[in-house]
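Number of protein chains: 4
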Amino acid sequence: MPLRSVDDYVRSLRDGRTVFFRGARVPDVTTHPVMSVAVRHASIDYRLAEDARHRDLCVVRDADGEYSRYYQIPRSPDDLLKRSALIELATAEGGTLVVLIKEIGTDAIAGLLRVSSAVDATHGTKYSARVKAFHAHCRDNDLAVAVAQTDVKGDRSLGPAAQADPDLYVHVVDRRPDGIVVRGAKAHTSVSTNANELIVLPTRALSEADRDYAVSFAIPIDTPGLVLLASAYDSTALRGSEAEHPISARHKMMETTTVFNDVFVPWERVFLAGEHEFAGPVALAFVEHHRFTAISYKLPLVDALVGSAMMMAEVNGIARAGHVRDKLAHLISYAETLRGLTRYAAIAGKVREAGVAVPDTLYVNMAKYHFAHGYHEAVRNVQDIAGGAIVTGPGAEDLENPETARYYEKYYVGRGTSGRDRLKALAFVRNLVASEFAAYQEVLAVHAEGSLEAEKQMVVRSYDGKAAVALVKRMAGLST
Amino acid sequence: MPLRSVDDYVRSLRDGRTVFFRGARVPDVTTHPVMSVAVRHASIDYRLAEDARHRDLCVVRDADGEYSRYYQIPRSPDDLLKRSALIELATAEGGTLVVLIKEIGTDAIAGLLRVSSAVDATHGTKYSARVKAFHAHCRDNDLAVAVAQTDVKGDRSLGPAAQADPDLYVHVVDRRPDGIVVRGAKAHTSVSTNANELIVLPTRALSEADRDYAVSFAIPIDTPGLVLLASAYDSTALRGSEAEHPISARHKMMETTTVFNDVFVPWERVFLAGEHEFAGPVALAFVEHHRFTAISYKLPLVDALVGSAMMMAEVNGIARAGHVRDKLAHLISYAETLRGLTRYAAIAGKVREAGVAVPDTLYVNMAKYHFAHGYHEAVRNVQDIAGGAIVTGPGAEDLENPETARYYEKYYVGRGTSGRDRLKALAFVRNLVASEFAAYQEVLAVHAEGSLEAEKQMVVRSYDGKAAVALVKRMAGLST
Amino acid sequence: MPLRSVDDYVRSLRDGRTVFFRGARVPDVTTHPVMSVAVRHASIDYRLAEDARHRDLCVVRDADGEYSRYYQIPRSPDDLLKRSALIELATAEGGTLVVLIKEIGTDAIAGLLRVSSAVDATHGTKYSARVKAFHAHCRDNDLAVAVAQTDVKGDRSLGPAAQADPDLYVHVVDRRPDGIVVRGAKAHTSVSTNANELIVLPTRALSEADRDYAVSFAIPIDTPGLVLLASAYDSTALRGSEAEHPISARHKMMETTTVFNDVFVPWERVFLAGEHEFAGPVALAFVEHHRFTAISYKLPLVDALVGSAMMMAEVNGIARAGHVRDKLAHLISYAETLRGLTRYAAIAGKVREAGVAVPDTLYVNMAKYHFAHGYHEAVRNVQDIAGGAIVTGPGAEDLENPETARYYEKYYVGRGTSGRDRLKALAFVRNLVASEFAAYQEVLAVHAEGSLEAEKQMVVRSYDGKAAVALVKRMAGLST
Amino acid sequence: MPLRSVDDYVRSLRDGRTVFFRGARVPDVTTHPVMSVAVRHASIDYRLAEDARHRDLCVVRDADGEYSRYYQIPRSPDDLLKRSALIELATAEGGTLVVLIKEIGTDAIAGLLRVSSAVDATHGTKYSARVKAFHAHCRDNDLAVAVAQTDVKGDRSLGPAAQADPDLYVHVVDRRPDGIVVRGAKAHTSVSTNANELIVLPTRALSEADRDYAVSFAIPIDTPGLVLLASAYDSTALRGSEAEHPISARHKMMETTTVFNDVFVPWERVFLAGEHEFAGPVALAFVEHHRFTAISYKLPLVDALVGSAMMMAEVNGIARAGHVRDKLAHLISYAETLRGLTRYAAIAGKVREAGVAVPDTLYVNMAKYHFAHGYHEAVRNVQDIAGGAIVTGPGAEDLENPETARYYEKYYVGRGTSGRDRLKALAFVRNLVASEFAAYQEVLAVHAEGSLEAEKQMVVRSYDGKAAVALVKRMAGLST
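Going line by line, the protein sequences match chains A, B, C and D.
To convert, count from 1 in the first sequence and add 799; that's this note's numbering.
To convert, count from 1 in the second sequence and add 799; that's this note's numbering.
To convert, count from 1 in the third sequence and add 799; that's this note's numbering.
To convert, count from 1 in the fourth sequence and add 799; that's this note's numbering.
For the record, the hints were derived by calculation from the structure and aren't laboratory data.
Please note that a few of the clues may not be correct.
One copy or two, either will do: identical chains are not told apart, so a pair holds if it fits within one copy or between any two.
[To be verified] With a straight-line cut-off of 30 Å between C-alpha atoms, the simulated DSBU-like cross-links for lysine-lysine are:
#1 Lys931 - Lys881
#2 Lys1272 - Lys1209
#3 Lys1149 - Lys881
#4 Lys1265 - Lys1209
Working from the sequences, and respecting the hints, build out all of it.
Dropping the structure here:
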């Protein structure tokens, strides 16, 4: 089957899916004033594949036919570098916002591919073949795929089975000859309102008592009982023109609280169901790929921070001030250390289970931590250089009414810049570092693809501590 | 004259002032959907003075009669501590947002009082008496006062007179027998739309060539030629219920680009006009008081960060996690170091020119820098503990429609907390650390009352370096 | 009894105490080439008390006669401020090194005074009277007192009773009619080799199983069975002239591993023996006083860092460079934040058990953490400004031999400074930030008077979290 | 000519060179108690080349014969990776201390090769051929080479020609038919006392007025007039056994103040003499290579920090404590970010002037800054985990005398570790992070191979700012 066009994609979303936004059922996500922004943003993926300049990067042709590179299972460091470059390209097109409709799904597929054969070997199951079939289905139909992992969790000091309400983690409530029935809810599922399929993964390591929570599967978004409660956060498109929100009026990612009301899943779409000792490995394998996606898609964002600071330093006439150069040096190091570590993580990647190339876990997690830990400081430096006017400037209408526009044109003139252009630059920087969209990016930095603590834990676990201790023992003259 | 009531204050703002918002002239700021939020917020000052519990702190009775404590010129460390406590109280009432309608004006008056006698002594002017008369006028009429200091500046690498357009700094364009005529624009003037008077101060040290820019004065807000262009930023009241924006739907500070279209100022309201060598001292003296106001009013904000983190750690069930306690320790130290330095700056204050008690400049600037430098990291820690749900949660309508509300009630339950209460807590924390209001607070941290660089410069200048060098020379056996 | 002279003090140390240094028994600590440096350093305390300029600060005269202010039990914030000032003065005389021979002992006495009455009330013991008698003995005889608290601990993941060897924490091995017998060892006991008395305190909270480890007492240093194993670290005096080590050739603090070989302690010197639930409170009460001592005595050290940086910036001709001013701003803020928090901790102190004034625990711990956490960065900034020559410069003999001295005099000339003076300045700075003494200060910053973690824990515990949560709940409209 | 043996090397240093140590002329550096430690340390280079396990890495065989890999001019990223690996290996053998006797010289040669052809093209000089001849001489004779770059500088706010004494920067005082005569002094020249040749480079960009200071050349160490004044710093070998200083008793780098008393240099050894506009480029080209050497040789040091922290966490029984794991995560990220950036800098290297492969300047400088900026914090974390005993423990003799040894053996037992082994571990860690050697490493981190500021400047300069600004202008809808 050929790659889908933007129109194919948009049409495929009109399927009766159950989506709510601000308390109202959404009849068509492709025409809804807020949700359609997310659809248009997601279309970038299909548009780029049709662009001759990017075709080589976006599309692969091999024994399985011609298909989106996202669906190529990475087999080498070079595959990882290309995948990273593709994610970076799409996110730059997305105005610093990741597209994600193929990135996250293929991360989940890679993780499931790696673990399922071990599950099969231990339990005599047939998960591996099902994962491969699902992969082929998505690849061949050029689908958009969301992933629901994080459970709503209730009291986080307790495990799934110990919660007052057993539904606070998604779990199997019935096993039937033809499939399973699941109940519960997952929090902040990205791109679900404009995906075709939804992959569900367990959150974490589980004990024997939690075996019903060890469940993984994939279902179409219009599956009965699947309810998507869309987040109301940053509904920019409703309220502002592109003049005020040059990024978020055109680019949006929707999250949902994803409710499973006794949803039936046929066995051919079940990838784990009760093998509790593999819940942790599945969760982890997904994350090993997904954090690499994360560090790849953060690159245009950090580049935009550096570029914004440089642009504003210039128009404000402060590019030569010592403290400004110091902040630029800091921003550049912040951005390029992320790039260097991301590239090196790919280069140092290894082929592991099921022949899947996995980026180096230590470097991926260091890169992700570096990004997440330093993001707010980078934002502060950009705000600092941009000036207070990013939060005290005019609205779009002020520049339309000549009575007010003439003041703004006269008084917002900068170094080698007209008042209008400086205000345009300010509007962009405001949207990037001082808006709801900006706050969203801050929170994503801290929470998306795993928290700061999760990354630190992985750094310690994936480090070769024995070699380091052996080195110092040898130097110290101690037997090792 | 007695203290004004809230109604007196609100009525006083209906005076024909020239205010624009989003390209449209605002006929009455007290009824405008956005601007009235700022008016109601500012009313806190008048309401508190009528509250028996706070009367002693808010009101002073002495030889000048009964008047708002803000108008009391501080004469001792104890006066400074009381002023600080009053500012802290009002800001806590303001939901972490400073009220400012008397704070900033009295900071300017204190600064002008201190410098004007020196100007008079040097130039034979009568500024000191005028400042005193203006002070009595504001005090006796219990007025709300804004201060315009920061010029729009154009190319910041050039001084006022060197700009392409001479109006990029406010300056005297005519001197008449009865007064002066001024032209130019000041950026981000706070509370001007709901003040009664506007004090204008020069921005910085000026040279002989810039003497027309060495100008300070006060005018009523309805003065002809004075145009207030209100910022469109964070117009929350227009779009959200209090449920979604528990802070910013009720509390707002308006900034304006403040344009002086050949505004006439009578001599009795002129406090500096051409004595360029005093422009720097006036700017500095104001800041010495105003940064103390700043560190006082930041205390409820940093307390709210700590309280939010503790509340969310509890409802999320993570209060005992090691990394959470670590972040709490960091947040507490951040908040309480600010409090300790603020208090100590008052205690170490000294009576200086014109008998005005001035908080210790070194400690004030260290406190301000400590606050500003660490703010984003504190925000990150709160976002971290609060969880990703602060940006992926429901809108107000989702909790009104039973069809969606039941999901949210079921799935957002926390440790010892109902789903509704947890969402209410999340909404508050979102407004505090992940909203346009939150971004506004970030930018204010960096820019308001002077930048990080300005504070560092003052730290170096106000430190007794000779004593420190003498100490080490003595220890090193070097002659000092 | 009158205050002791320096000679009285030195003589009192010749008492047959059991001290080892580098494997050899030390017959007389007052004449030993290394240990005598510590004795001379400690004498500062007695010398200052005789100095008319400092008499008022150093000596108190009241109903108990005339005695060293260290022995005054603080009863008010003002007493705490004076005690802090005295400690600061003595440490400045000590070339940034604390004298400690009365500071630490009186911290322990204050802690024991506060807890012992509670022990007595619970257990019907007579500890309180014994502590008072011991206090009077030390005060009236103007004694030097060391405190041994930290046990050697073995495997720190295990409690005292769970260790392979029961002696890894000091414990009671026999209870006799006339007293107790104790065994074990304490690590890094400061000033013990030149003290008259040694107070022993338990390390931490103990369980019922650990009751024999809940022991506190005081003994003279020459008590049979008490063995002091002096540290070999930084034996500067043996190897360098004052020219190379202007600080450490004259100032030294000795630590010992303090071994208790079945030491007998008469009952009148026992302050805790088995009341395990009070071990934690005793340890904590000591620390509440001792960390205040710590932040007081760190002030001359941080002042010296600032002074060194300023002096070197000047002689190197880089005082006007932007990055140098930035580092100075950082160093000043580091030093003065410590001073402000220390002073404010005293001012906010409260009178607590047994009428003892206790500095505010939250501020003390924040100050201590601020100091400890930032010390290495401050050192880096001083090293940076001083230049690489602090580790590549000449030895003392190079300046004595004219053949080499002429090169150094010619080539080490600085801005407004001769080569000799610049080398003298470099030698001081080297000793302060790039020598064994400097490394010792780094390690002390991290470990002395409690670790960074201990301080963070106390910050969280001593903070009024309820008030902060109530504030945000009120703002959020949640019932508290 | 074959590679030299260790003996060949040692013998070659007995040539009558003029070296002073502590005011005395050193007749033979290979037998001097301090200087011979540096000689033995340097011998590592020759010993490794003879070791079959490392032969492939250490030795190259090509058209120029068989020679040390250091002398291979890098022509590709792979050559850079191998050079980096070799430097890492040698430094690990050196107990964290770089060997440097070929590293720095070949960095200078690479820099000179790259710039000299441009000088020749501009000025018609023959420098390029001379540099090549000198390179062949060093390579074919397997020589040890030092580099003197940093001038003593006097008042750093003034340029060379503006100093009170014209000799504060090395300069040409005479030009003769057969060569030039130079005078002045260079500060902290590493490995000069045990090198065969000395390359001299200018420090920085120079103006027309400074043309006599634009001088570069190479001379044998025994050249008349060349005086090496060795640093007295950390003369460990004289005073301590290997038991106390397991690193610095065996490994040492000597620095000298290097004086040129009217030294004659024949023209064939002159590489720059008056072409002032090339002084900056030569200085810079050297640094582009030398900072890559630096980040390569820091790897064993940062590995040793991580290994030390892990080893001590284990023996202290605290490896499972949350804060310890947090510090380990930080240390690992610190070390491995350096490694990742170093490797990526090589991989991203480009072939530039004269066909020399140059590591990516941006990544090299970011890596160097990352290392230098974070070093002190890393040291603090190791000190923290190691415990206070690193500065309060025994001397070597304490473990030789059974009377004291039995106490230490009993009381320093750790988790799964005897007292002796724990003390051995502590001794190593003390030497690494709390000794004069440790302080030396701190100062080197800040100053060697360029300061923190120099690295930040290079980060800004080598970044492609235009691309970043173009990206945001495109996103903002501004014409670029």
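Results of checking the hints against the structure:
Taking CA atoms no more than 30 Å apart as the test, Lys931 paired with Lys881 passes inside one copy only; the shortest distance there is 22 Å, against 41 Å between copies. In this assembly of identical chains, Lys1272 and Lys1209 lie within 30 Å of each other by CA distance solely across copies; the values are 22 Å between and 70 Å within a copy. For a Cα distance limit of 30 Å, the shortest separation of Lys1149 from Lys881 qualifies both inside one copy, at 15 Å, and across copies, at 21 Å. In this assembly of identical chains, Lys1265 and Lys1209 lie within 30 Å of each other by CA distance solely across copies; the values are 28 Å between and 66 Å within a copy.
Violated hints: none; the structure is consistent with every hint.
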